[in-house]
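Chains as they are written, first to last, in the UniProt record's numbering: chain U, 1 to 321; chain S, 1 to 321; chain F, 1 to 321.
FYI, nobody ran anything at the bench for these hints, they're computed from the structure. In this text the structure is predicted, and so the values were computed from the model without any measurement. Among the hints, a few may not be true.
Identical chains share a label here; the pair holds if one copy fits it or two copies do between them.
As the list claims (entries may be wrong) - Below 25 Å or equal to it, Euclidean Cα-Cα: the simulated SDA-like pairs (lysine to any residue) are:
#1 Lys142 with Phe22
#2 Lys188 with His211
#3 Lys142 with Ile71
#4 Lys224 with Leu7
#5 Lys246 with Val87
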Amino acid sequence: MDLFGMLYLDELSHGLANLSMFPYFDMAHYIVSVMALREQPGALDVSRVSPLACWFSSMLYCFGGAVLSGIMLAEPPVAPLSNGTSVLLASIIWYLIFYCPMDVVYSCTALLPLRLVLSGMKEVTRTWKVLGGVTLAQKKYKDSLLVMIAIGWARGAGGGLISNFEQLVRGVWKPETNELLKMSYPTKVTLMGAVLFSLQQTHYLPLQKHHLMLFYTIFIVVNKTRMMLTGSSSSPFAPIESALYKALFTGYSPYAALTGELHKAGTDNSITNRTACCGTTKESKENRSSGQNHSSSPGGGVESSPKAKEASEAEDSKKIN
Amino acid sequence: MDLFGMLYLDELSHGLANLSMFPYFDMAHYIVSVMALREQPGALDVSRVSPLACWFSSMLYCFGGAVLSGIMLAEPPVAPLSNGTSVLLASIIWYLIFYCPMDVVYSCTALLPLRLVLSGMKEVTRTWKVLGGVTLAQKKYKDSLLVMIAIGWARGAGGGLISNFEQLVRGVWKPETNELLKMSYPTKVTLMGAVLFSLQQTHYLPLQKHHLMLFYTIFIVVNKTRMMLTGSSSSPFAPIESALYKALFTGYSPYAALTGELHKAGTDNSITNRTACCGTTKESKENRSSGQNHSSSPGGGVESSPKAKEASEAEDSKKIN
Amino acid sequence: MDLFGMLYLDELSHGLANLSMFPYFDMAHYIVSVMALREQPGALDVSRVSPLACWFSSMLYCFGGAVLSGIMLAEPPVAPLSNGTSVLLASIIWYLIFYCPMDVVYSCTALLPLRLVLSGMKEVTRTWKVLGGVTLAQKKYKDSLLVMIAIGWARGAGGGLISNFEQLVRGVWKPETNELLKMSYPTKVTLMGAVLFSLQQTHYLPLQKHHLMLFYTIFIVVNKTRMMLTGSSSSPFAPIESALYKALFTGYSPYAALTGELHKAGTDNSITNRTACCGTTKESKENRSSGQNHSSSPGGGVESSPKAKEASEAEDSKKIN
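Okay, chain U solo, but in the shape it has when bound (with noise of 0.2 Å):
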């Protein structure tokens, strides 16, 4: 029985590597993506002011993992323009979703159904794209995990990775947020999938290819389904942050007192420490300039600034991916 049950997985996963992403996948990819700029703040102006900059914006978030590893390894970013049929199907989208008469194709895309079922095939797009980012790097440099983990990274969340960029194109700058300061949830598991994929890659993870790809597929799939469903932003990763940050980034320091009981006022509220960091009522943020003024040491001295507060503080950004 379990025997049968292998052997079912097996045909599935296997089913699953030889499926070609290109038109169905890679379609609803572009749709979701294009969507999700038409939602930013602003892009519907930006797109009857000048269709070159919003058609660029699109391009950008489309093949912005693409475009992000191309510079990281040194190949040409212009490269995703060479594919000729993947813009200008992106580019029909595009069309379509901002300018198509009576708005039929947003308002179709935009009913819940449809987008359940198109964000869930753009996941399925995500696990290709970590998988063809690490096996890209591992060509160039043979076993080196740190770049085989950042290459899978910016190929799969290159859009979000590059936002503020993206944001420039459009008129729009807000430095004091990017996702690396304060991850979103696809960026998140995207990280996750590169260290795995990596790793199995390194024969460091004893799975093969193919069940990895079905079981990240799944995992990715049925996050996004749950999450767009409960309308919940909460992470499923919230508990291991959690203890991995108490466990190695509080250290002993005049900090530590403040940012476990922090931590503990974040997990209790359920979101992830990052947002917990910055939950801090004003009085915890007076303990904390009080704890700066113990930790004072001759070498330099160690202000904050108002701009990282700001930026820890600014939750409004709706993010890519």
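The hints should help you fit chains S and F onto chain U, whose structure is shown.
Chains S and F only, in chain U's frame:
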């Protein structure tokens, strides 16, 4: 008679195609570029405070196209520096225009007749740069029209396209505006040239290369001269642009009625469609916001960002190229 | 006697040239770099909010030169990550300095005697990095002096030159200042080193490589130690810079009288010419604006931007390297 005319044109275009840009036309390009930098607000201050930042900025004005197309094709952006003669020439011109005793050089070159000749010569180099970019891209990406257009455009209008980062060198940061959001005339005419030369090189445009070079060069030189003499900044493409925009980018969305109306107003005043979009009266802006209320979709909050508005309203910046 | 001195120096310089940077000097470089990051305003906050952004920032401090010179030569900017041992070493040091229990490591390294030794060792790595950049550039671009200087400079002072983008990782954006507008001492001394080593490599400077290495290393170590002990930030080049500036960049323009006067004031106070330009009294600023009114030319409005002034006045930022 017609044949003779053709033959004569043929000779002329062959002569033009064999023209060497090197000493004189390149010099004109450097002079006009460095003068454009000097006339940027704050540039003279920077030239006194940090000659090095001023020199680097000048080099980006002079070689911006080569740098940008280099980055896009993953070729060393430092390569233009390796052409010692060109850099030396550009540096001498930079020095004379910014620091010449008695300001003799700038005073002379700023005289209208000389400036007219120099600007005309600079426009001639545009043809060569666009064609150079297109053929370079064709070598790497055979028949990929989009890459050829992108590289030709980047090489011809590079200084303008990277202006945000060029300004950063001088300590100026204007994220709310860029050449994609609000194209200046040189950027537009270069894009048109890149499209034409790419079509010619892939044989979609049944025209000889040297004929196209002649026609395009005459067009840009005549236009530049006309614009400098009349002081008008109206683009010769305004009617075509407006028609294209109306046909393609208005759709029947809640915006359509409004943008159509705006456009009529825009073309009446013979300003480009982009300016038209910005020249909204307070009343029409209220219309627009009420229009947006209609288009509020279930998927995401469509709000107009104040930044994007700022972007479309900012009209003070003088453009490079 | 003189011969003996020469021989002795020769041996010493050979010994120095064969010194391996790897474990100890590299470690000192990482420690001093990460400490410099920790002492940036707001950096400690970032280290609590997002350890990943903090780690990435630290890596840019440690490997910024390799990343920047990689980008400039179209080599993968991700390459430094492929050197696992160095990244591991730098990461351990990052972890100990930011998160060590009781803050033991930072408290120790911040003690003046230890810090003095570490800073001296870090300066030694500068020689190796500059020379590495120059020889790397020479392999690709034979005899192109400018490229060699640029790459040598980028490799030696990379962290400082990309500081705007490093700050962006931490959510800080200060466009009004950069290392080109207002060079810090490490950036200046690295530029000087890049010029010297480039001249030596192209045989314009009649000196043996290992002799130059010895002299340059001694110069930067002694200078750094002197600056740390006296707490002075005055550059040893101030008089030369001031003389060069006066000779080359003042011309007889409407500005000249003014800047000359400013300079005298500047050198009297034994501060660099750049500071001098900024240290204008209100009165001289009025002079300057009235001077500008004279220079108003037909070609363009020469206005002083408030941003550029801000830039020259901003002096609070602590510099990298």
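Alpha-carbon proximity context of Lys246 and Val87, limit 25 Å: Classified as between: cross-chain Cα gap 24 Å, same-chain 45 Å, threshold 25 Å.
25 Å Cα threshold - placement of Leu7 relative to Lys224: neither (27 Å within a copy, 68 Å between copies)
Alpha-carbon proximity between Lys142 and Ile71, which holds within one copy, between copies, both or neither at 25 Å: both (19 Å within a copy, 21 Å between copies)
Identical-chain pair category, Lys188 with His211, by Cα at 25 Å: Within one copy only: 21 Å inside a chain, 51 Å across chains, cut-off 25 Å.
Same-copy or cross-copy closeness of Lys142 to Phe22 [CA-CA at most 25 Å]: For Lys142 and Phe22, only the inter-copy Cα distance (22 Å) is at most 25 Å; the intra-copy one is 28 Å.
Against the hints set out earlier in the document, a violation occurs for number 4 only.
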